[in-house]
Each structure stands twice: as C-alpha cells, then as structure tokens.
Amino acid sequence: MTEKSRLRYIIPGVILYLAVPLLYMIFGNFPDRTILKEAVSLLTVGAFFLMLGQFYLTRINKITLKGQKFSRVVILHKVIGYVFIPVLFLHPFLVVFPRYYEGGVDPVNAFKTILTTFGSKGIIMGFAAMALMILIGITSMFRKKMKMKYTTWRYSHGFLSIAFVVLATWHAVDLGRHTDAFLSTYMIGMAAIGIFFLAKLYFVEAGKIPQEAVNE
Amino acid sequence: MSDKSDKGMSRRQFLGLTGGVVGAAALASIGFKYRGTKNERKIDPENMNYKENETDILVIGGGMTGLFAAVKGHDAGAKVLMVSKGRLGSSGQTPFAKGIFSYDAATASVSLDEFTEQVSSSALKTNNPVFTRQMAEHSKARVDELREWGFFDSPLYYDSFSKPINERNISVMERIMITHLIKENGKIAGAAGFSIDEPTIHIFKAKSVILCTGAGGFKPNGFPICDLTHDGSVMAYKIGAKITGKEWNDGHGGSMDNPAACYDGWHGMFAMSPSKTGVEIHHDLGVDINYRAYVLGNPVSMMPGGDNTIVEGGPYVPEKFVRNREAGAPPGGGNGDKMGPPPGAEAGDRPSGPPPGGEEGRGPGMAAGASSGGASAGMAIHKSEGLVPINEKGESNIPGLYAAGDALGSYMAGAIYTQVGSSLAGSAVQGTIASEAAAEYCQKAVLQNIPSSKISRIKEEILAPLKRDSGYSPAWVTQILQGVMIPNFVIYIKKESILKAALAYVEELRDHHSPMLRAADLHELRLAHETENMIVNAEMKLKASLMRKESRCSHYRLDYPDVDYKNWQAWINIYKGSDGEMKFVKQPFDSWPV
Amino acid sequence: MSIKKISGCIGCGTCVKSCPTDVIRLSPKDGKAYIAYPEDCQICHLCRMYCPVDAITIEPEKSIPVMISWG
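Protein chains in written order, with UniProt numbering: chain G, 1 to 216; chain L, 1 to 594; chain S, 1 to 71.
Heads up, a few of these hints could be off.
Derived pair list, reagent style EDC-like, types lysine to aspartate or glutamate, alpha-carbon separation capped at 20 Å [stated by the list, open to error]:
1) L:LYS320 with L:GLU54
2) S:LYS32 with L:ASP153
3) G:LYS112 with L:ASP153
4) S:LYS29 with L:ASP197
5) S:LYS32 with G:ASP180
6) S:LYS5 with G:GLU205
7) L:LYS163 with G:ASP180
8) S:LYS32 with L:GLU40
9) L:LYS42 with S:GLU61
10) L:LYS205 with L:GLU54
11) G:LYS121 with S:GLU39
12) S:LYS29 with L:GLU198
In short, the hints are calculated from the structure, not lab data. This structure is a prediction, so every number in the text was calculated from the model and none was measured.
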C-alpha cells in the first residue's frame, strides 16, 4: 500500500474547519454568557464548519487528499454528515433551550416568535436551508434505494449542497451572534472556495467525474 | 453581563484565560453627548399625520391598573380603547412588581376591620380607610383572575395581560405618549398625544378617561421608573383636577456598586415569577436611612451587621412597628437597616415598594454593602400621590375623569409603606372599580365636541419642541433638575431654607427652560414633554413640603421634626388657580373633598 | 454601560416594544435592533428577558454625562 498517513489531511482539516473558528469564538471579544449557552454556540458553529468541511472531503481537494484511498475519505464524509445534520437540525431548539433555566421568556414562546418572524431574511434563509439539508440527508441515506444513476445522484447531491451552503452561510452571517467581520469573512471565504472548486469540477472538468461510486 | 452572576462561571472564567480584559475598549465607545447646540431635526414637524379615535372609555396606561380598567370596563358594556406610552405589561412599575397581596377572609388572621385599623395605626391616620379596606376586600378576586390568565406562571407579564385583552378584542394602541387631557363644557372630552414610532398626532375623543398612568419620579438612577414622569397627574392638573400627596417620599435606596443598575440592585428579582403575599403590616420608611446618611455621612449599610451606631432623632416610628434590628428584620425607626432594593414593602409591588425593607425573605438576598440614596427620587409612597378622589370609585373633580392605581391619590396605604404587596393588588382593585363606574357614567354621557381651534392649539403645543431651532435639550434640563432635587438634604431631609433655595431653581426651570425645550426626533419629543412634567412635579413637591410644617410618615422636616396632631391631621391638595398659580388646600384626614 | 450589545438579532422587534424607555429601535437598513438611545437605558433587563434569541448583552455600569453649564 502506498496510502499516505490519514493525518496528512485530517490535521489540516481540523485546523481549518474547527480550530480556527472555535478558538476565535473562545478568545474573541464576545460578551460573556453562561457555560450552557457557550456550549450551544460552540456546538452550532462547530457543526456549521463541519458542514463546510464536507467540501474538503471531496475530490475537489486535490492537495491534501492526494494519494489517499478515496473510499475511506468518503466514509469520513458520511460520518461527518450524520454528525452535523442532527446538530444543525436541532440548533433552533438549542438556541431557546437555556431560557428554561432563567427568568424571562419561556423557550416555547421564544421558539414561536422565531418561527413567526417572517420579515427576517435570515430566518427565511434558515428555513430554506433547513429544508434543503433534510433533503440532502435523506437522499444520501437512501441513495441506493432511489434507483438513480450514480452520476445523476452525484450531480444532484452537488447542486443541492451548493444551494444549501449558500443559504446556510447567508443565514449564519445574518443571524449568528458570533459572526462578526472576521468570522463572517472566514465563513464566506470557506464556502466560496468550496463552491468554486465544486462548480469547476462539474462544469469544467465534468469528464473526470467517475461513473461509479468510489466506495462500491 | 448579568447572567454571569446568576449562572456561575462565564466562558472566560471557565477557560481561565483571558480574564477580564475585554469590554474596556467597548466601554468607551458609546459616547453620551448633548445633541448639538442647534436643533438637528430628523423629522419634519410641518408634515405630521393626524388621526382621530373615538371610544367610550379611554384607558391611559398599560400596567396592572390599565389592564383591569380595560377588561372590566369592557365587561361592563363600554367600548374601551387602551393607549399606552409603552407596551402592555412591560412599562411603568408593573413589570417589576413581584408580590401581590391577597386577603382571604376564610384564612386571614385578622378581619377586614382589624386589617384596616392596623394600617391606619401604622400610617398615623394618613391612610384613607375606605380605600385600604376596599383593596383588601377585593384583592382575592383580582388575584384569582390573574391566576387564571397565567400571571403567576412567568416573570414577564405581556402574555398573561394579553390574554383577557385579546379574548375581548379590546383595542390597544402602544408607544403613544399622551400629553393633553381635553375638557369641554366642564366635562372630560378626550386626550391627545403622539406616536413615538411614526410622525402622527392622535386625538382621542372619549366619554370618559381613566388615568392608569402610574406615578413618576425624576428619572432617578436605580429604580425602574425612568419612563414615569407623573404625566397623568400633570395633564389632569392643567385642566383643573386636584392633586395630592406631593410631600411624601418613597425612600428606596440602591447599591453604591453600580447605583444605576436596577436589575442588579434587586438581585434578580425582576426575573422571578410573581407570588402572593398575606397580611403583614409594617411602617417602612426609607426616609430613616436618608436621615442616617445625613447625620453620619457615607457609607451607610443596608444590612444588619453593618454599622450599629444608634442615631438620635430622625423620623418617628410608632412603638409597635419598630422593628428589632437584631432579629434581622427591617428597619426600625431611625436605624435604617436594610434599604435595599427590592422594594417591596408595602406597597407593594415589590417594586415599588418601599424601602425595601420590608418583609423578610424579601427577595433574593441583598448583599451587605454601602447603599446609595434617592433611587426612586421624585416618587411618593404608592397611591399616596396623584389625583384627589371625590369618592371611593376614583372619580376626580372633573366629571368623566377617573384615576386608579398609582395615578390616584387614594392614600390606600397611607403616607408610608404598610402592607406588603398591597400596591399591586390595589392597582388591580382600583382599576376595576373606576372602570365599572366609568362604564356607568358613559351610559348617560355623550361625546363632547372638541372645537378645531382647540385641537390646533394642542397640536402646536405637542410639536413646539420639534419646531424650536434653538433651546435646551431635555437631557440637560433633566440633569439639572436631578441635581437640584435628588440630594437627600433637599428631598428627604427637609428644611425651609433649602426647600426655598431648590424652589428658586425649579421656578427658573419652569419659567425659562420648560418653554425652551427642544427635540430633534420623536424620542426626544417624548423626553421634552416628560421633562416639563417633572418640573411641575418638582414644584409641587417643594411647595407641599414647605407647607407641611411637621414630620410624619415619609415626610421629614429637620425644622419641624415632630408629628403635629393638632394642625396636620390633613392631606394637602394642589390645584391650578384661576390665575394660573399653583394653589394648596388642606383636606382633613378621613374626609372627602368638599 | 447599561445596554451594551445586540448580536444575533432576528429583527422581531420585541425588545423595541418591551423597553420602557425607548432605548432600542429597528434599523431601517437591515431591520435589526440597534441601541439608539443608550443614555436612557434604566438597566432593567426587560429587553433581554423578552428577546427570543437572547441576543442582548447588558452591563451594570452606566456612564453619566458630565455636568456642563448649558446644553
């Protein structure tokens, strides 16, 4: 086996997609909050960056993935998907949950207000992103049952992901309590790089997309 | 941020790394500035919208009193419109009132008569026993209704207050400041004001108006009454209503540590759900700690265990209401121990309450520490100041104009805090009774026609600060007024020479600065009108204090330190004379105006 | 400095209405709440307690304007 150590891509990935944003949140100039609220924020932002990190774990990453056995990378891609999707799915509830422990608006009322603030672009983007994310999750879990050609599935997975990332990033930059200038720029940058290379792969290098799933 | 203290460690402490360096930079970033020397208008006063609204009963104010006035007036068959400077259940003192008195005849340790008698005894007869008894008698019914609406389930009252309002489809207009009451043919005809959100002047034509506007203060630091500036009393005074109770003082203090932080000073009480209180009668001054601070100098401690120096003299407390300091109970006479915050005491609402001293178990424990004074400066004992009622229904001397709650000088508790939690209960009870009376009045009353010339004049008066190109900013005038009125040797520990000196300042502000207040936007327009009302209140307070040449309950004169049972078994009523001057007249205790 | 920061606002406007002293307004630009009149904050925390997404940070300190001779 000439497979290179997996650490060669995992370590840069962890730095880019977890260490930088989370350390920035911890040490940046943000208001102090309770540990529970901080934990929820770290979890949510961590999940968001894991989501962005999915780009890193695809064929568009020709640098650190060079020489890796792709079937194993894809397993990691799947596992991470199963981790961040539930967290992002739950994060609207996690935002209001800590209110249960303090005087003030109760979590149910807070949640109702969030759901009914249709005037907010960020909320609408969030809804739309959530719907796409669920769709992506389901079509990934049940890919083999869908009787879809692998190539078709790959394209649809890619396009849905691009749409999802755009909406989710917009939502996060608009509504995130930690998305100041730096973190916003970082999010948008990471998302843009991923989208750019994915689009390039599809439109410019279309011929190179394998016809069969790598892990089959 | 405050939840840090509530919840234990913060993120940074948790990580033990960056410590407390942050925030210092941000601290300097919000500059407070007086807005220019020239009026840099953000809205055009020549281009305002105008709306007329009609109703049977106009309820002004959206606190506990306004809630019951709106609901009960509707239930009595009247068309009701509520208008509020803030939001239902989220403005005035109501949001911070966490204790409500409920008298249950089946379980109470004393009868209604005994309760009333005990309050009168603590209050040195300054209370009106009709209102004292009425509050207790109806308190349980109101508390039961509140429970049904979910009042006791949340520290925030908007939802529980909205429930009965929405069920009845009662109209509510929020964030509108009423500046004028309108009287035609000797009767109430409506009110006028403006929206603080959009450039609109509102005229309200009504058969009856109920002032549920609360009391007020000088926007003091440390008490959540910065939106209360006696608006109701002052506009009623201007159309001929009688006002009482201006010599009394709520004596709440705050903490020397961040004195302006109401929330922190009350140690999280604002975030607690409300609860009921039972019979427990005190004589809680608040003035006593001001006396102590005046005699000994700072620091004074609010808690037992601090400085135990006995101070001679000071406000009189009836023997049986002197509290035993060692027992950890509240302030006894003269040695003011706890003054803290949470108010509470009598009145109740806790918030408003009194000096906090009061009940044990009051709130989350107050840390020992030096206290600051004047947290509620400009406000009297709950329900001791406001419109003079001509009967037990809260009717004023102007037909169709009613007041209830802290806007009514009912002397329900007297000129001192007596029963814990009774303020909030009294607001609910009085709002109900006034509104049922108003609904009955409306059956025979007709809408008065308001001449357009009068409406034009009112519009001009409302917009005047916006139209001035130069003048004085409300923030600066307010600051000057605070400097004149809030020192404890002016408003709490009184003597003739200082009262007169302060009055000279206040008359200057009244004559020269009130007419030159300016505003650049609707927020500042509100401040301008509030400032004008505070100046009127200051004049009333100083003149009433000069007139009352004795000391009793929450009024203390260094030059007349004793209770004068011969000449001063009377309240002071204030009215505007036909010459425009402020006039004063005594009304004997336990009597109605003639 | 009393009310200090609003971050993560969804623009529902609840804080604007629940502030007794009219400190907060919604920005016409992005529809989000901003601290329009910090000097009038009475540090009562109603805005924070009503905010559905807990976006408001308040500190107990208050800067008070210096006394000047006219203004």
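Status of each hint after checking the structure:
1. In summary, the hint linking LYS320 (chain L) to GLU54 (chain L) is not supported, as the alpha carbons are separated by about 53 Å, beyond the 20 Å threshold.
2. Between LYS32 (chain S) and ASP153 (chain L), the direct Cα distance comes to roughly 30 Å. Violation of the 20 Å bound is thereby established for this hinted pair.
3. A C-alpha spacing of about 18 Å is found between LYS112 (chain G) and ASP153 (chain L), which places the hinted pair at or below 20 Å, so the restraint holds.
4. The hinted pair formed by LYS29 (chain S) and ASP197 (chain L) meets the criterion: a straight-line CA distance of about 16 Å does not exceed 20 Å.
5. For the hint linking LYS32 (chain S) to ASP180 (chain G), the alpha-carbon distance of about 15 Å falls within 20 Å, and the restraint holds.
6. With a C-alpha separation of about 47 Å, the suggested pair LYS5 (chain S) and GLU205 (chain G) falls outside the 20 Å cut-off, and the hint is violated.
7. In summary, the hint linking LYS163 (chain L) to ASP180 (chain G) is not supported, as the alpha carbons are separated by about 39 Å, beyond the 20 Å threshold.
8. Annotation: proposed proximity of LYS32 (chain S) to GLU40 (chain L) is violated, straight-line Cα distance about 24 Å (limit 20 Å).
9. For a cut-off of 20 Å, the pair hint linking LYS42 (chain L) to GLU61 (chain S) is broken: about 29 Å separates their Cα positions.
10. Using a Cα cut-off of 20 Å, the hinted pair LYS205 (chain L) and GLU54 (chain L) holds, with the two alpha carbons roughly 5 Å apart.
11. Between the alpha carbons of LYS121 (chain G) and GLU39 (chain S) the distance comes to roughly 30 Å, so the proposed pair goes past 20 Å and is violated.
12. At roughly 17 Å between alpha-carbon atoms, LYS29 (chain S) and GLU198 (chain L) fall within 20 Å of each other, so this suggested pair holds.
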